[in-house]
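The task is simple: from the sequences and hints, build the whole structure.
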Amino acid sequence: MVKLIVDTLLSQVRTLWLVFLKLFKKKDTVEYPDQQPYMFPRWRGRIILSRDPDGEERCVACNLCAVACPVDCIALQKGEMEDGRWYPEFFRINFSRCIMCGFCEEACPTNAIQLTPDFEMAEYVRQDMVWEKEDLLINGTGKYHDYNFYRVAGKQIAGKDKGEALNEATPVDVRSLLP
Amino acid sequence: MELEIGSALSIGLILGVVIITAALLITVERRLLGFWQERLGPNRVGWFGSLQVVADMIKIFTKEDWVPPFADKFSFVIAPGIIMTVVLLSFAVIPFAPNIGVIDSNIGVLFVLAMASLGAYSVMLGGLSSDNKYALLGSLRAAAQMVSYEVFMGISLLGVVALTGSFNMREIVESQADGWYIIPQFIGFVIFLIAGVAESHRLPFDIPEAEQEICAGYHTEYSGMKFGMFFVAEYIGLVLISSLITVLFFGGWLGPAFLPPVIWFAIKVFVFIAFFILMRAAVPRPRYDQLMSYGWLFLLPLSLVNLLVTGVIILSTQ
Numbered sequence: 001m002v003k004l005i006v007d008t009l010l011s012q013v014r015t016l017w018l019v020f021l022k023l024f025k026k027k028d029t030v031e032y033p034d035q036q037p038y039m040f041p042r043w044r045g046r047i048i049l050s051r052d053p054d055g056e057e058r059c060v061a062c063n064l065c066a067v068a069c070p071v072d073c074i075a076l077q078k079g080e081m082e083d084g085r086w087y088p089e090f091f092r093i094n095f096s097r098c099i100m101c102g103f104c105e106e107a108c109p110t111n112a113i114q115l116t117p118d119f120e121m122a123e124y125v126r127q128d129m130v131w132e133k134e135d136l137l138i139n140g141t142g143k144y145h146d147y148n149f150y151r152v153a154g155k156q157i158a159g160k161d162k163g164e165a166l167n168e169a170t171p172v173d174v175r176s177l178l179p
Numbered sequence: 001m002e003l004e005i006g007s008a009l010s011i012g013l014i015l016g017v018v019i020i021t022a023a024l025l026i027t028v029e030r031r032l033l034g035f036w037q038e039r040l041g042p043n044r045v046g047w048f049g050s051l052q053v054v055a056d057m058i059k060i061f062t063k064e065d066w067v068p069p070f071a072d073k074f075s076f077v078i079a080p081g082i083i084m085t086v087v088l089l090s091f092a093v094i095p096f097a098p099n100i101g102v103i104d105s106n107i108g109v110l111f112v113l114a115m116a117s118l119g120a121y122s123v124m125l126g127g128l129s130s131d132n133k134y135a136l137l138g139s140l141r142a143a144a145q146m147v148s149y150e151v152f153m154g155i156s157l158l159g160v161v162a163l164t165g166s167f168n169m170r171e172i173v174e175s176q177a178d179g180w181y182i183i184p185q186f187i188g189f190v191i192f193l194i195a196g197v198a199e200s201h202r203l204p205f206d207i208p209e210a211e212q213e214i215c216a217g218y219h220t221e222y223s224g225m226k227f228g229m230f231f232v233a234e235y236i237g238l239v240l241i242s243s244l245i246t247v248l249f250f251g252g253w254l255g256p257a258f259l260p261p262v263i264w265f266a267i268k269v270f271v272f273i274a275f276f277i278l279m280r281a282a283v284p285r286p287r288y289d290q291l292m293s294y295g296w297l298f299l300l301p302l303s304l305v306n307l308l309v310t311g312v313i314i315l316s317t318q
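Heads up: the sequence lines are chains A and B, in that order.
The first sequence begins at 1 in the working numbering and counts up one residue at a time.
The second sequence begins at 1 in the working numbering and counts up one residue at a time.
No wet-lab data here; the hints were simulated from the structure.
Among these hints, one or two may not hold up.
What the hints assert, rightly or not - Below, in silico cross-link-like pairs of lysine to aspartate or glutamate (DMTMM-like), each with a Cα-Cα straight-line distance of 20 Å or less:
| no. | chain 1 | residue 1 | chain 2 | residue 2 |
| --- | --- | --- | --- | --- |
| 1 | A | LYS26 | B | ASP65 |
| 2 | A | LYS160 | A | ASP52 |
| 3 | B | LYS59 | B | GLU234 |
| 4 | A | LYS160 | A | ASP146 |
| 5 | A | LYS78 | A | GLU105 |
| 6 | A | LYS78 | A | GLU132 |
| 7 | A | LYS27 | B | GLU29 |
| 8 | A | LYS133 | A | GLU164 |
| 9 | A | LYS25 | B | GLU29 |
| 10 | A | LYS133 | A | ASP52 |
| 11 | A | LYS143 | A | GLU57 |
| 12 | A | LYS155 | A | GLU82 |
| 13 | A | LYS160 | A | GLU82 |
| 14 | A | LYS162 | A | GLU82 |
| 15 | A | LYS27 | B | GLU38 |
| 16 | A | LYS22 | B | GLU38 |
| 17 | A | LYS25 | B | GLU38 |
| 18 | A | LYS78 | A | ASP52 |
| 19 | A | LYS22 | B | ASP178 |
| 20 | A | LYS143 | A | ASP54 |
| 21 | A | LYS160 | A | ASP83 |
Unchecked claim - Listed next, the stretches of chain A that the computed footprint assigns to chain B, with coverage defined by at least 3 CB atoms under 8 Å from CB atoms of chain B:
| no. | segment |
| --- | --- |
| 22 | 6 to 17 |
| 23 | 21 to 28 |
For every residue, glycine included, the Cβ atom is placed at its ideal position computed from N, Cα and C.
Dropping the structure here:
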């Protein structure tokens with residue numbers, strides 16, 4: 001009984017002493033606006049639309065991101081250029097609904113839509129949270145530097161016929177009997 | 001105007017300094033708690049966060065002061081006033097320095113204990129009049145806790161009173177000139193410290209307002225400045241308990257002559273305030289029944305034995 005009382009008392013005193021010593025320890029706080037925290041490259045922050053190495057828009061308006069989006073914050077309209085490329089006529093992300101889940105990035109077949117480590121997205125006016133294609137497009141390739149969809153895909157466009165893409169075999173005429 | 005006991009200057013000075021200290025404690029506590037949890041605490045407003053009090057005050061004054069329609073209006077409104085008045089009244093008998101004080105009462109210790117008992121009414125009325133189950137539970141706990149810890153809070157002081165032979169706080173301080181009462185009355189000091197924490201319901205004994213169990217306890221329904229008064233009264237109570245410990249066990253204003261007496265008093269009080277905040281940072285809250293059985297089954301017998309032994313020693317050395 002006496003031992004229990006003494007032990008309990010000493011344990012409390014030791015707790016107090018150990019907590020007191022924390023006064024001299026290095027603090028864990030990151031003083032954010034003055035001191036920027038390190039953001040990991042794969043952080044899921046603000047969404048951008050990237051361009052391919054030739055400077056063209058990567059987005060082919062396939063609508064897969066809009067389908068994958070669980071909160072339906074992406075809206076876009078397909079358009080077609082004279083050379084056969086598809087492109088979005090408008091591309092709109094409502095960031096007040098976006099939950100930064102990254103499903104759009106995973107769904108994108110052309111690596112066009114990407115999430116970046118930028119997390120400072122507060123706005124004073126709610127309407128400013130809606131970003132159009134002009135706001136989303138960046139002058140760069142984002143995370144994938146060499147990828148160009150039309151150069152690797154079999155889609156036929158002006159200046160690149162069937163079978164001329166990278167690693168693509170020339171098409172076979174199935175009606176011919178010749179080997 | 002001369003500074004003497006009971007002069008208007010002295011009274012005004014005490015009132016002002018006590019309230020300003022209590023308000024500043026909001027910042028000090030948040031900063032110290034931060035340091036003890038390895039973070040920085042509020043440091044944005046003003047120089048190292050010193051103007052945080054002003055920001056908090058602006059916030060609390062501009063909040064809606066809402067009285068619930070189901071509450072008992074009269075007692076709901078007067079409850080925060082009671083605790084504020086009672087705690088401030090207790091400072092009347094505290095001797096800050098040989099020439100600073102409000103009254104030189106020969107029942108000083110009893111007066112403080114009486115005021116501490118009246119403080120229980122505020123918490124009880126506040127909780128009961130709110131007509132809210134959490135507030136009711138909080139006030140039930142508060143009433144039981146304050147009533148039971150008052151018992152041996154008083155008994156633990158009797159050792160000091162017996163050694164001095166007076167209830168007068170000034171005589172208690174003066175009789176410590178050749179040795180503070182912390183040495184002969186160490187057990188009394190520990191019991192008084194614990195009872196003091198429970199009296200001012202600070203952590204680890206903040207069971208009447210335990211956030212994790214019963215929202216905010218007895219002041220769940222309070223908002224705006226009425227909540228602010230409960231809040232500030234708690235800090236004034238903290239200053240009061242620290243002052244009492246200083247006066248009764250640590251020689252009040254006594255100290256080496258290179259600093260004026262009132263500065264010695266302030267330093268000692270601040271050390272105890274910091275210790276109370278350290279307890280908040282370090283010690284977890286006991287369960288309600290643990291608090292009660294600890295009080296009645298351990299501290300009460302201990303304080304009685306302490307009083308008995310003190311009495312025997314005083315009689316045998318006479």
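Here is what the structure says about each hint:
1. This hinted pair does not check out: LYS26 of chain A and ASP65 of chain B have alpha carbons roughly 41 Å apart, beyond 20 Å.
2. Straight-line distance between C-alpha atoms of LYS160 of chain A and ASP52 of chain A comes to about 16 Å, which keeps the hinted pair within the 20 Å bound.
3. Distance check on the hinted pair: LYS59 of chain B and GLU234 of chain B sit about 19 Å apart at the alpha-carbon level, within 20 Å; holds.
4. Simply put, LYS160 of chain A and ASP146 of chain A have alpha-carbon atoms about 18 Å apart, close enough for the 20 Å limit, and the pair holds.
5. Taking the CA atoms of LYS78 of chain A and GLU105 of chain A, the gap is about 18 Å. The hint holds against a cut of 20 Å.
6. With a C-alpha separation of about 15 Å, the suggested pairing of LYS78 of chain A with GLU132 of chain A holds against the 20 Å cut-off.
7. Note on LYS27 of chain A and GLU29 of chain B: the hinted pairing holds, with a Cα-Cα distance of about 17 Å set against a maximum of 20 Å.
8. Restraint check for LYS133 of chain A and GLU164 of chain A: the C-alpha separation of about 31 Å exceeds 20 Å, so the hint is violated.
9. With a C-alpha separation of about 18 Å, the suggested pair LYS25 of chain A and GLU29 of chain B falls inside the 20 Å cut-off, and the hint holds.
10. The hinted pair formed by LYS133 of chain A and ASP52 of chain A meets the criterion: a straight-line CA distance of about 16 Å does not exceed 20 Å.
11. With a C-alpha separation of about 15 Å, the suggested pair LYS143 of chain A and GLU57 of chain A falls inside the 20 Å cut-off, and the hint holds.
12. Only pairs whose Cα atoms come within 20 Å are accepted, and LYS155 of chain A paired with GLU82 of chain A is accepted, the gap being roughly 14 Å.
13. At most 20 Å may separate the alpha-carbon atoms for a hinted pair to count; LYS160 of chain A and GLU82 of chain A meet this at roughly 13 Å.
14. Note on LYS162 of chain A and GLU82 of chain A: the hinted pairing holds, with a Cα-Cα distance of about 17 Å set against a maximum of 20 Å.
15. Proposed proximity of LYS27 of chain A and GLU38 of chain B is supported: the alpha carbons are some 5 Å apart, at most 20 Å.
16. Taking the CA atoms of LYS22 of chain A and GLU38 of chain B, the gap is near 6 Å; set against the 20 Å cutoff, the hint holds.
17. This hinted pair checks out: LYS25 of chain A and GLU38 of chain B have alpha carbons roughly 7 Å apart, not beyond 20 Å.
18. At most 20 Å may separate the alpha-carbon atoms for a hinted pair to count; LYS78 of chain A and ASP52 of chain A meet this at roughly 18 Å.
19. A C-alpha spacing of about 36 Å is found between LYS22 of chain A and ASP178 of chain B, which places the hinted pair above 20 Å, so the restraint is violated.
20. Straight-line distance between C-alpha atoms of LYS143 of chain A and ASP54 of chain A comes to about 15 Å, which keeps the hinted pair within the 20 Å bound.
21. With a C-alpha separation of about 10 Å, the suggested pairing of LYS160 of chain A with ASP83 of chain A holds against the 20 Å cut-off.
22. Counting residues of the segment 6 to 17 of chain A whose CB lies closer than 8 Å to any CB of chain B gives 3, which reaches the minimum of 3, so the coverage claim holds.
23. Note: the segment 21 to 28 of chain A has 6 residues with beta-carbon separation from chain B under 8 Å; the three-residue rule is met and the coverage holds.
Hint violations for this structure: numbers 1, 8 and 19, all remaining hints satisfied.
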